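Take these sequences, add in the hints, and give me the full structure.
Quick note, the sequences are listed as chains Z and L, same order.
Every letter in the first sequence is one number past the one before it in the numbering used here, and letter 14, counting from 1, is 14.
Every letter in the second sequence is one number past the one before it in the numbering used here, and letter 233, counting from 1, is 233.
Please note: incorrect hints may appear among the correct ones.
[To be verified] Only pairs whose alpha carbons sit at most 25 Å apart, straight line, appear in this in silico BS3-like list of lysine-lysine:
id, chain 1, residue 1, chain 2, residue 2
1, L, K113, L, K29
2, L, K406, Z, K117
3, L, K314, L, K406
4, L, K29, L, K240
5, Z, K144, Z, K55
6, L, K458, Z, K117
Treat the hints as calculated values from the structure; they're not laboratory data.
All values reported here derive from a predicted model rather than from experimental measurement.
As a plain string of letters, each chain reads:
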Amino acid sequence: MSENGFEPRIVGFLCNWCTYAASDAAGVARMQQPPNVDVIRVMCSGRIEPAFILKAFAEGADGVIVSGCHPPGDCHYGEGNFKTFRRMPLLEALLAQYGIEPGRFHWGWISGAEAVKWAALVRDFTAQVRALGPLDWKRELASKED
Amino acid sequence: MIRFKIDGQEFQADPEETILQVARRAGIKIPTLCYHPALEPYGACRLCTVEVRWGRRSSLETACTYPVREGIEVETMSEAVIRTRRMILELMLARCPNVPVIQDLAREYGIEKSRFKTDDPDENCILCGLCVRACNELVGAGAINFSSRGITRVVGPPFLEQTDVCIGCGACAIVCPTGAIQIVGEEAAIYEALPLGPTSAIHVPSLQAVPRVPVIDTDVCIHFRTGELGMEPGCGVCEKLCEAGAVDFSVQDELVDLDVGAIILATGFADFDPMNLEQYAFGRSPNVISGIEFERMSNSAGPTGGQILTAEGKKPERVAIIHCVGSRDKHSNEHCSRVCCMYALKQAHLVRDKTNAEVFEFYMDMRTFGKGYEEFYERIQEEGVIMVRGRGTEVVVDKDGRLTVKAEDTNLGRPVSATVDMVILGAGVVAQPDAAEVAQIFGISRSSDGFFMEAHPKLRPFHTNTDGIFLAGNCQAPRDIPDTVAHANAAAAEALALMSAGEVTIAPTIAWVDDTLCSGCKTCLDLCPYKAIAFIARDGTGVAEVNEALCKGCGTCAAACPAGAITARHFTDAQILAQIEGLLRAIEGVAT
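Set out below in structure tokens:
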């Protein structure tokens, strides 16, 4: 628990072959990580539509993680991670225009062998989002309308 | 066919053959020094002298140059022959008193000392010309020949000066029967390339090689080297002597394209290079050797003929074996290499058995996990091997080259050290240096230790996440021979099961196009890494269609379809959006 009692809610979109395997391995190995990240598994990071991330923020997520296989070459499907590589920078620009701080969205690569890296990401990203505070856009919107 | 007799025995031979060839084939011993089966006979040393009887006549002839003739009777050990050979050997011994092969032959014929005068006790050359023929006939370099004549006759390059015609192949030194020719710097060069002894250019790679046939090292083979130097390709002795005619220099590496139904990766492991751990003095002292070098040394086909010797050529009196070199160590590799404890124990046994030396094993934990392994460990302890529980931390080489192994004995709780004559490093097993490249080619991943990753550590230990690709042996993780055999058999069985089924079951996780929504924009066509989406012309435009057999279900097309016409089955938009809602609203619900 942080000082103000705020615990961020974070959604992680992970590809089945690399980062999901890493998160699984981190769990099996009992690596210490905060419980704030909820994982949605997809077959490939190339399946992740930017709309999913926007939907997650719209539904009240305080942070979102997208992670797939290391480019080049680690992708189970050959080049799905390249699609992610192309889409996510565009989405980052869009999120900034929406006023969502860059620190709330992380995208990157973690291979199936990098359980330690996954656990570290969960720890660091949770701390980072916790420091940013809640993404309380609904209340903010309501206060503006008042 | 010619019919004749050797020592009373009937023989048949081709007219081109010589007496020596027939005798050698029949196992009749005739001594020679200047004869080589791949070279023209020369009759220089005269040791092969035999008595040839033809009717009532008899003469002494050199067997190497004398062609067989109908009806002759050859005596290889008649009184005249022995008398002649004794004289020849006495003269040779006078010329070259310190050549072991001549001394041995002379002794065989009852001569201990020559009655003739020795001019130069360091003379080793008997002027047999074998080297000259090898250089001219076999290699084709023509770098050496006889010069002068009579008592000043000598073998050497033109004007006895260094010549750049010599290609340094060493053939002359190899054929020289008396060791009169030395290759300068050979030992140093060979030691650098192969620390535990040279092999010939054509050799069987290892005793366990499959298939067990020799290979030619084209970098040192005279035939290939002369070819590369623009000369007529020389030597070819192996080709000439191989009775099966199996040597073929024209064979080239071939790249073969094969359509296969399954692939088993069995790319094995690499030895950990102890050079990476400076504290063990590997490379600084010739008496610090790795486990695999010890194997080479203790091999009866190895450079010492299987004897355990220090670099000084002496039997060691004290030997240390250090476990976990490059294993279970955060500074090199964290993983346990699994095989080293057992090979270290075996090597301790070999050292005890062959040298009776005192053996110290510096170990962290003794991992004797297999069937009969613990019993073997017990046996080694009973053989008197001294077990020190604690990692060997350092090998100190003093200025006289003596070795001291330092360690902490964790049972005694204090540092210990041992001065030894030889240190064997139980070097571990690591992934192949090109494992990353191979993994990319086959679309598989690697675990953090660098080995290929299995699909599941317990339930699918030889599968990969790529269909039809299986793993066997040490490419997946370090394992010993029984475990490797089991793993490889399992992988082979799985590959056969996949193929013999005759059909492949594909996962239901594939993409599907709703053709009423598809506008025919073709965005998805280029995105598909498997070219699984086809464009079907229809009504002036067309629609996309997914080939279910080719689709692997990554869902990239579904993510990109601007019309939302593509559904990634089991990962549909509706499912994922519902998961997001479910996750966040549920938490909200609980929180409030």
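Each hint tested on the structure:
With a C-alpha separation of about 24 Å, the suggested pair L:K113 and L:K29 falls inside the 25 Å cut-off, and the hint holds. Simply put, L:K406 and Z:K117 have alpha-carbon atoms about 36 Å apart, too far for the 25 Å limit, and the pair is violated. Proposed proximity of L:K314 and L:K406 is supported: the alpha carbons are some 23 Å apart, at most 25 Å. For the hint linking L:K29 to L:K240, the alpha-carbon distance of about 23 Å falls within 25 Å, and the restraint holds.
About 22 Å separates the Cα atoms of Z:K144 and Z:K55, which keeps this hinted pair within 25 Å; it holds. Restraint check for L:K458 and Z:K117: satisfied, since their Cα atoms lie roughly 23 Å apart, inside the 25 Å limit.
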